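Engineer: Chain by chain, the residues run as shown.
Number of protein chains: 2
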Amino acid sequence: MASLRGVAQPELSKKLFKIIKSENHAIGAYESASRERISITSQLSDWGEATGDESVSDISDKLGVLLSELGEQEDVFAQNLEDYRGVLKQIRNTESSVQPSRDHKAKIGDEIAKLKYKEPTSPKIVQLEQELVRAEAQNLVAEAQLTNVTRQKLKEAYDMHFAATIERAEKQIMLARHGRRLLNLLDDTPVVPGDTRPAFEHGSQARQILNDAEEDLREWTPNLEPIPSSATAMGVNLMPAQIGTGTVGTSFSGHEGEPAAIEAGSTTGETSYTRDVSGSSTIAQPESTSSYQLP
Amino acid sequence: MASLRGVAQPELSKKLFKIIKSENHAIGAYESASRERISITSQLSDWGEATGDESVSDISDKLGVLLSELGEQEDVFAQNLEDYRGVLKQIRNTESSVQPSRDHKAKIGDEIAKLKYKEPTSPKIVQLEQELVRAEAQNLVAEAQLTNVTRQKLKEAYDMHFAATIERAEKQIMLARHGRRLLNLLDDTPVVPGDTRPAFEHGSQARQILNDAEEDLREWTPNLEPIPSSATAMGVNLMPAQIGTGTVGTSFSGHEGEPAAIEAGSTTGETSYTRDVSGSSTIAQPESTSSYQLP
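Order-wise, the sequence lines are chains U and P. Reminder that position 220 of the first sequence reads as 220 in the working numbering, one-by-one numbering, no gaps. Reminder that position 187 of the second sequence reads as 482 in the working numbering, one-by-one numbering, no gaps.
Treat the hints as calculated values from the structure; they're not laboratory data. This structure is a prediction, so every number in the text was calculated from the model and none was measured. Just to be clear, a hint being listed does not mean it is correct.
Unchecked claim - In silico DMTMM-like pairs for lysine to aspartate or glutamate, Cα to Cα no more than 20 Å straight-line:
id, chain 1, residue 1, chain 2, residue 2
1, U, Lys21, P, Glu326
2, U, Lys21, P, Glu331
3, U, Lys89, P, Glu344
4, P, Lys313, U, Glu36
5, P, Lys309, U, Asp195
6, U, Lys15, P, Glu326
7, P, Lys316, U, Glu31
8, U, Lys15, P, Glu331
9, U, Lys14, P, Glu331
10, P, Lys384, U, Glu31
Using the sequences and the hints given, assemble the complete structure.
Structural biologist: Here it is as structure tokens:
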């Protein structure tokens, strides 16, 4: 995908291309927040030690552990966003792959219009019109694949995005609440000059808080309202999966090196996309004169 | 404070100075994440519109609103961290202001040692020893102020930090859960070529989800275990607040342009820092010969 950067994008995928790029910056910001947070925690522990105050030293060291885990969660979040971004790319790739089909259809239409004006009796017009029917059929498949992929992957992408948001939030709440328990172990009663602070007596409690936090993190499981998808019924051809009897008819794969998995299988039956074709022939065979009702 | 950047820090405040600087980077990362997130949301809405799919357009537009609010919360978080950072600066400033007191005490000690070696009978030794007693008394006050400020402000700073973490998390969970409800309104049942998608019928439900999210945000209130502080009994002199009868004695303010609020008031009574001083004189007056038990 990296090679697509800087290369002119097809019109259709330009917007999503830009979103995916911006998301990369957002993810970078979270990674950077994570790194900073983690680097601060050891500094905090060092500072606490340097105060020479046993209580401050112990508390700041353990605060550092919790804050470091808070920072780790920012990185987990960033990685989850990376997965979400990958799903957006699947929409973008389909968009890119549909563009040539649109262009092809438009180009043949233009050629016919031009020819009808210049040479209204040219026999090439009939040939081009047959070609147009095929191009339109192919494009219909492409557009169906696009809407199918767009809706399914949009749901999937933001399902992941929101799940990642909730995961980070729930884990950070647990950590922050343990952090607050830790702070309660620090006695901030002011002293008068010459007083010595009593020894820190909460070492084992502080240790226990870290253990509790660790256990909470380990036991955390997502608790989400599911987002049901009807797209599970979608076949590898990005069409509704059906009990088809036909074999692969229209191949829509391989446009300009795009992922080759996009294939429209020929199917039969009432809801099949071939239902408007007279007879049972597969659509868009080179010599077919399909009777598609085109929009 | 900005003017302190790049200026050599007293040894005592070097570590915290670095932490405060690193926190600035972390805060910057959250601000940047917020900006990116918010910029993406309008792009998402534009993209949805460009798909020409009414359902995708409506859902992506409203997803954009929720994502934008998620982004705003990153910025609120960053601003809260800025407040936390301000509290760390209070510790750092006290550290900076205590350094000269330590240095002064050490310097007089050195001079005495040098003089005792070179001119053991010098009358200046007596004078310097009186000065040392005063310097030590002053430093005792400074160190008490430092430990009082350190403990109180450490608690306060991380109280704020964790409260900010919990606030962002709780609000983002609400928003993300509403986002998931929104996704459920998008039908991703795959279609066959030539099919037209049914009209989007969930417009009012989608609108309602945004209203719910808005209301949840408005009604959110922090629900935190309090972190009690005993430092509320601390006076403006950074010492235990007491029913004192004395007036301000030792002034500890104004070291190298540091905030001038640090003053040690003279107090009386059993737990007062003047309890070891014979008589009722305030400590560290230029001519006093305090009987402090020094460490």
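Engineer: Checking against the hints above, which ones are violated?
Structural biologist: The structure breaks hints 5, 6, 10; every other hint is satisfied.
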